[in-house]
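Protein chains in written order, with the numbering used here: chain A, 3 to 563; chain B, 232 to 331; chain C, 8 to 748.
The hints are simulated quantities; they were obtained by calculation from the structure and are not laboratory data. Check each hint, because a few of them may be wrong.
[Stated by the list, open to error] Residues from chain C that keep clear of chain B, each with C-beta distances beyond 12 Å, as calculated:
1. R19
2. F70
3. S234
4. T292
5. A295
6. T303
7. L313
8. L317
9. D396
10. G607
11. R657
12. I678
13. V700
14. R703
[Stated by the list, open to error] The calculated lysine to any residue pairs, modelled on SDA-like cross-linking and capped at a C-alpha distance of 20 Å, are:
15. K200(C) with T471(A)
16. K200(C) with P469(A)
17. K399(A) with V41(C)
18. K399(A) with W202(C)
19. K682(C) with L449(A)
20. K333(A) with A57(C)
21. K330(B) with T710(C)
22. K399(A) with T710(C)
23. K333(A) with D698(C)
24. K300(C) with P526(A)
25. K399(A) with G149(C)
26. K690(C) with L390(A)
27. K456(C) with I546(C)
28. K399(A) with R48(C)
29. K456(C) with A635(C)
30. K330(B) with V719(C)
31. K333(A) with V692(C)
32. K200(C) with V400(A)
[As the list claims (entries may be wrong)] Distance windows between CB atoms, simulated:
33. I235(B) with V169(A): 52 to 62 Å
34. D21(C) with R386(A): 52 to 62 Å
35. D393(A) with L696(C): 28 to 38 Å
36. L28(A) with L735(C): 28 to 38 Å
Nothing here was measured: the structure is a model prediction, and the numbers come from that model. Ideal placement from N, C-alpha and C gives every residue a C-beta, glycine not left out.
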Amino acid sequence: MSFFDTHLLNLVVYLPLLFAALVWMLPGAERGQIRTVTFIGMLVDLVFGVWAYLRFEPGGPEFQLEYRTRWLEQLGVSYHIGADGLAISLLLLTVFLGPLVVMASQTYITERVKEFHLSLLVLQTVMLGALVSLDVLLFYIFWEAMLIPMYLLVGVWGAEDRQMAAVKFFLYTLAGSLLMLVAIVALYFISSTPGNRSFDYATIYNSLVAANSQISTCMGTGDCERLTGMAGILYRWGPWLFAAFALAFAIKVPMWPVHTWLPDAHVQAPVAGSMILAGVMLKMGTFGFWRYAIPFFPSATHQLRPFLATLAVIGIVYGALMCLAQRDIKKLIAYSSVSHLGYCMLGILALTAEGATGSAYQMLNHGVSTGALFLLFGFLYERRHTRLMSDYGGIAKVVPVYTASFLIITFSSVAVPGTNGFVGEFLVLLGTFKSSLGLAFGVLATLGVILGAAYMLWMVQKVFFGPLTHRENQGLSDLSLREFATVLPFLILVLVMGLMPQPFLDRINPSTERFVTRANLGAPGSRVQASDVRISVMGLPPAGLAAVPHSPTTGPLADRR
Amino acid sequence: MVPISYYLILAAALFCLGMFGVLIRRNALVVFMCVELMLNAANLTFLAFARQNGDLTGHVSAFFVIAVAAAEASIGLAIVIAVFRSRGTVSIEEIRTMKH
Amino acid sequence: MEALKQVLLQLRLDPAALWLIIALPLVGAFICGVFGRMLGRANVYLIACATVAGSFLLSVSAFLAVSPLESSQAVSMENAFSTSAIRYAFGYDYGTWFSTGTFRVNFGLLVDHLSGTLLLVITGVGFLIHLYSTSYMSHDEGYWRYFAYLNLFVAAMLSLVLADNLVLLFVGWEGVGMASYLLIGFWYSDTAKAWAGRKAFVTNRIGDFAFLIATFLIVLLVSAFNSQSNTANFTLVGGNPETAQVRYREGLQMKGPVAFQGLEVFANGMHGTAEKAQGGVSLETPIAEGPLKDRTFGGVLTVALLLFLLGAAGKSAQFPLYVWLPDAMAGPTPVSALIHAATMVTAGVYLFSRMSYLLVLSPTAMVTVAIIGTITSLLAALIAFAQDDIKKVLAYSTVSQLGIMFMGVGMGIFWAAVLHLVTHAFFKACLFLGAGSVMHGNADETDIKKLGGVRHEMKQTWFTFMVATLAITGIVPLSGFFSKDAIFHGIHHNHLHGYEWASGAIYYMGLLIAACTAFYMSRVYLLTFEGKRSPEAKIPHAHESDWRMTAPLWVLATLSVVALFYALPLMPGRGGVMQPVMENFLGPVFSSAERIASRGGQVALDHSIPSLFDYLKAWVVALTGGAAAAFMYLKFFPARAGQPAPAFARSVRRFTQNKFYVDEAYEFLVIRPVKNVSAILYKLVDTLLIDTVAVRGTAWVTTRVGSALRYVQTGDAQAYAAVMALALLGGAVYALIQVLK
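Same shape as in the complex, but just chain A (with noise of 0.2 Å):
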């Protein structure tokens, strides 16, 4: 076993973390090698990063590259982390992000130099810890962490009302999170007894599949209010304790009604918030109902997927909406967000092998188009210094090459077939017709197929086409060969994922079907084995050194302990 064996992971994540101790070394004036630092650690990130994808099996088993050592064992808490299909292509998706984001901003960023790199540094570790992490607690403390320097992007590098835009987007999923902290706590006295209690993710699923499978049983017959025992005290908090899971994520996300926070951080953050914001962390919403609440929960799920799923489709709808009355491009944009992290949310609810694979391969997509979009506006947003569409028109004619570039992601972004975005959403809406969730949340959400094409080619049309109507727009310059080298990859990928899909859906669908087993277990009447979808992982690695013998307390305060 080499050091990659057992440590691949743990370099992609804390790659990021060492440069930034190289960037915090430099002197703040040594611009460009903070820039050069910054991005040479980015790009070998991303060269571990696709190792790490590359390695990843995809018929192995469910956590790979797996790590895990001893941390915290008086409160159960180890150090653990691997990552399963879902969490590793999104991995792919944030160190792809990663130097594409150190190139937009280079010359956007003028003041501050070094403490922006530091933040970018540091974000791209947290999260890539949230993603890989396999203890809850560690999973929060990340989650937690992640706010912070993407508060300071928003709020020291933003536009014009920054402050009020961190301020709200901070509080707003605070506020979501903290709820979900109290949940977590909750989780972790409920699923076990005292002295064997832990925060591992796998261990408490286990612990909680039996409860989970006596509910759905008793669903099924209708007598579930003399369970005992956990399974009594899961099906009467299980909905709360999934609410609580389901409102933080779902602030991430943001679903419907939610979501007021994201048109103005996005319109406020820098290219690279906005791109990393879109981009990477957005999913993390849906990445943690996959990943946490959903099987946490079964049941509750089932309980709350109709009411979810009606959200979803809200938002793909209301959305679409939105961005035609905007006359803000930014906010158009992270409108079409909602929209599209919609279909993502609606993918994982149908909870078929269709819509949570579509779903997954959605979040992918929205982060390569929206991610483009946001950087191709940045760009834009550089030369101009205004959002409003009626401050352009018939730019097309002056910067050719970047209404090219901005009509592909367009297209990417509208799901024209041939390019990503038509995979994920045909496979989302497929999933929803084929899901028991009924035929008019498919047709509603297959609405926003033509919303989609209305609002995104009304900005093109309104920013590109036309006469040239401002005379400050007739000296734009073309993209540079940075820029250029900046979007290359975004259009490269579009088709790439477009026309071969299969390499990356394969890596998805194993863990797919996990996942719709295991929201399957809470369906009334279930028939899933528990033993199906029991979670096997590592266990701790033997103690180095003899732990202090902890003798459990006795008598009645004990298990308050």
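Place chains B and C on chain A using the hints.
For chains B and C alone, coordinates are given in the frame of chain A:
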């Protein structure tokens, strides 16, 4: 032997004297002295229980309290003097700046 | 002769090379689009034309491969879904595109007689139009963009035709829509033209919305069929039923539920009524599980087909989604000829011909297709009466002709619809290119009232345009006459069960439409080419275009004459009766539809040949329309020049000229409400309710509570101490009470 309740009653009386002094006197120095009174009332209970139980933990605590009281007195007096220098008064009513 | 046969045999395309047909124009598009400006004009022309020409040669070779010179050499390919091979077809499967769960889509290409014919039309007409464009666009700065888009279009159209499953077809389907969007808005600095592009795309998207839902319903239907069907169903498929069923399941695993071959087996295996089913699945069987539970197979199939109809209406400009096509004339004229006349807009007809076996299972869907076709055709013909823009008239004429094809498809005369598709591609492309030539020679004048007498200056354009006009009006020896008449004859003699009245009604409507066609086409021709040159003309003398523009005109005019060959009853058909060449040629494609129809449940298809009387009737109708136009525009109106028309006539004219206010109705009923709703939702729900009331409201309440509570903070240390003391006291008292209890 004097019963423990006598000590405790005395300590309670001292404590109440100190407490009411802290609550109603205006002069910061007097307030300080009342705080000392309360601390000493606590000391008295420590010692009374130590004697009752026959172990030394109470004595240790009493010494600890005396040390804390000494430190408190010195810092507190220094603050009072500093306040007097800057404001020309040691009346608590007149140095209410930390409000609303 | 033998030697020639041998050579032709050598030229047969290898199935694995089918992808090249699509890839060539795609590469052309890439090179022209990315390096076009560096390469310069001549190179771009060369690359664009050469790739399409190469594609044409490959298509010819593919066509040769499926069209045996002798029946002993007939190709056949293995059918993934059935034990019997598919005759006169070949294809290649390049493996999975995407698959998950039980769903799978492959990159599978298929050439049979139907797609082979269309391949030739697309690449052949496509090449001619590329050639024409090299002259037409010779003064345009954006030539490289133009040719890139045009090549992209050809590639997308080819993948639409070659696809062997619905989803891959959808790639082409949307791809042509995208290319069409780019080409309509080619002169994007003109706002109106750019908006026309968007209108086309969004309208098409409404169709695509229906197409997608229909595809999903088909997926659900196929999976329900797979789980509910039994060997009684597979006795209909042929061969040993058990083997057939196993084979079908293997096919589903290998190629997924949306492959056309699988749908064909599905259609073949579907019984018409419950009595005949003997325990198998019939159209009346309810679906047992899943989201479509308790709905019948037939019902869901009808809904899916109606949704496909809406999809086809979007792409093929049928009522109610035809509104984008007239506006699409904003694009360069060769584009109108290629995309909005010859190829893309026929995609709907192609789709239904491809899925003829599904269509014949549902008379309701068929009659709806036919009725939509009739309405569209008549409406467009009436609008065309009063249009003055030469391209607009041709556009409405296209809509009208497409309506005729839909009528044919809807009434089950598939081969004639396809034949009309082909002949229409020839003469309509010729008309559009002729119109382009006229515009080119008359300083881009499109108003026919301001042209006139062009025949003397543009002899070649005039002659070819005349031939094409005669073809579309249906004058005897030209192809349009035969193809249109074959459709009308089929409509008259085919019967849909439950809708017997449709045959007669639609037939007579068809004759009326034919008369209208003759009228407005003659009008365009007469006003443009005959008479005197209008005093309002932009330039005093027109000039003839150069050979790159006229050569395609000649070729197309020739083709629109010789295509009549396909409608002649020259081939021996069943029972020794002679069959039209096209019917015979497309026989293998529509054999499943025939077989299902011959079970007698849903439709009765007729195979008779029109009698001389039928021909005469059609001919008289066309002549009447043409003669009426000749009278009106050569005698009546010139004689009344200067006199105002009666008020009634003017108001009718205004009404038709404004296209019956359909666009305005849509604006008022759909676009405005959507815009207003979104604005209101944004202002009311998003900004006010959620953001201001809920989100900022929370913040506001917190602030208010905080500022109210801050008055507790008096700054009096003694007050704080008193509160502390009281609280302690209270706590102590409470504890005492608890202990004493």
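Comparing the hints with the structure gives:
1. R19: Correct as stated: the minimum Cβ-Cβ distance to chain B is 95 Å, above 12 Å.
2. F70: holds (91 Å)
3. S234: Answer for S234(C): holds, closest chain B Cβ roughly 74 Å.
4. T292: Label holds. Min Cβ-Cβ 79 Å, cutoff 12 Å.
5. A295: holds (73 Å)
6. T303: holds (76 Å)
7. L313: Holds, because the least Cβ-Cβ distance between L313(C) and chain B comes to about 72 Å, which exceeds 12 Å.
8. L317: holds (68 Å)
9. D396: Consistent with the label, D396(C) stays out of reach of chain B, its closest Cβ about 77 Å off (over 12 Å).
10. G607: holds (94 Å)
11. R657: Fine: 81 Å to the nearest Cβ keeps R657(C) off the interface.
12. I678: Non-interface label on I678(C) holds, nearest chain B Cβ at 57 Å vs cutoff 12 Å.
13. V700: holds (29 Å)
14. R703: Per Cβ check, R703(C) is outside 12 Å of chain B; nearest 24 Å; holds.
15. K200(C) with T471(A): Judged against 20 Å, a Cα distance of about 16 Å means the pair holds.
16. K200(C) with P469(A): This hinted pair holds, its Cα atoms lying about 11 Å apart.
17. K399(A) with V41(C): holds (16 Å)
18. K399(A) with W202(C): holds (16 Å)
19. K682(C) with L449(A): holds (15 Å)
20. K333(A) with A57(C): Violated - the C-alpha atoms of A57(C) and K333(A) are around 45 Å apart, more than 20 Å.
21. K330(B) with T710(C): Answer holds: K330(B) to T710(C) is near 17 Å, not above 20 Å.
22. K399(A) with T710(C): violated (51 Å)
23. K333(A) with D698(C): At roughly 14 Å apart (the allowed maximum being 20 Å), D698(C) and K333(A) satisfy the hint.
24. K300(C) with P526(A): Within the cut-off at roughly 18 Å; holds.
25. K399(A) with G149(C): holds (10 Å)
26. K690(C) with L390(A): Holds: K690(C) and L390(A) sit about 18 Å apart, inside 20 Å.
27. K456(C) with I546(C): With a Cα-Cα distance of about 14 Å, the restraint between K456(C) and I546(C) holds, given a limit of 20 Å.
28. K399(A) with R48(C): holds (19 Å)
29. K456(C) with A635(C): With Cα atoms ~18 Å apart, K456(C) and A635(C) stay inside 20 Å; holds.
30. K330(B) with V719(C): Distance ~9 Å between K330(B) and V719(C) Cα, so the pair holds.
31. K333(A) with V692(C): Distance ~16 Å between K333(A) and V692(C) Cα, so the pair holds.
32. K200(C) with V400(A): With Cα atoms ~18 Å apart, K200(C) and V400(A) stay inside 20 Å; holds.
33. I235(B) with V169(A): 52 to 62 Å: The hint (52 to 62 Å, Cβ to Cβ) holds, given that I235(B) and V169(A) are roughly 58 Å apart.
34. D21(C) with R386(A): 52 to 62 Å: holds (54 Å)
35. D393(A) with L696(C): 28 to 38 Å: Holds, at about 29 Å.
36. L28(A) with L735(C): 28 to 38 Å: Violated, since L28(A) and L735(C) (Cβ atoms, about 56 Å apart) do not stay within the stated range.
This entry does not satisfy hints 20, 22, 36, going by the numbered hints stated previously.
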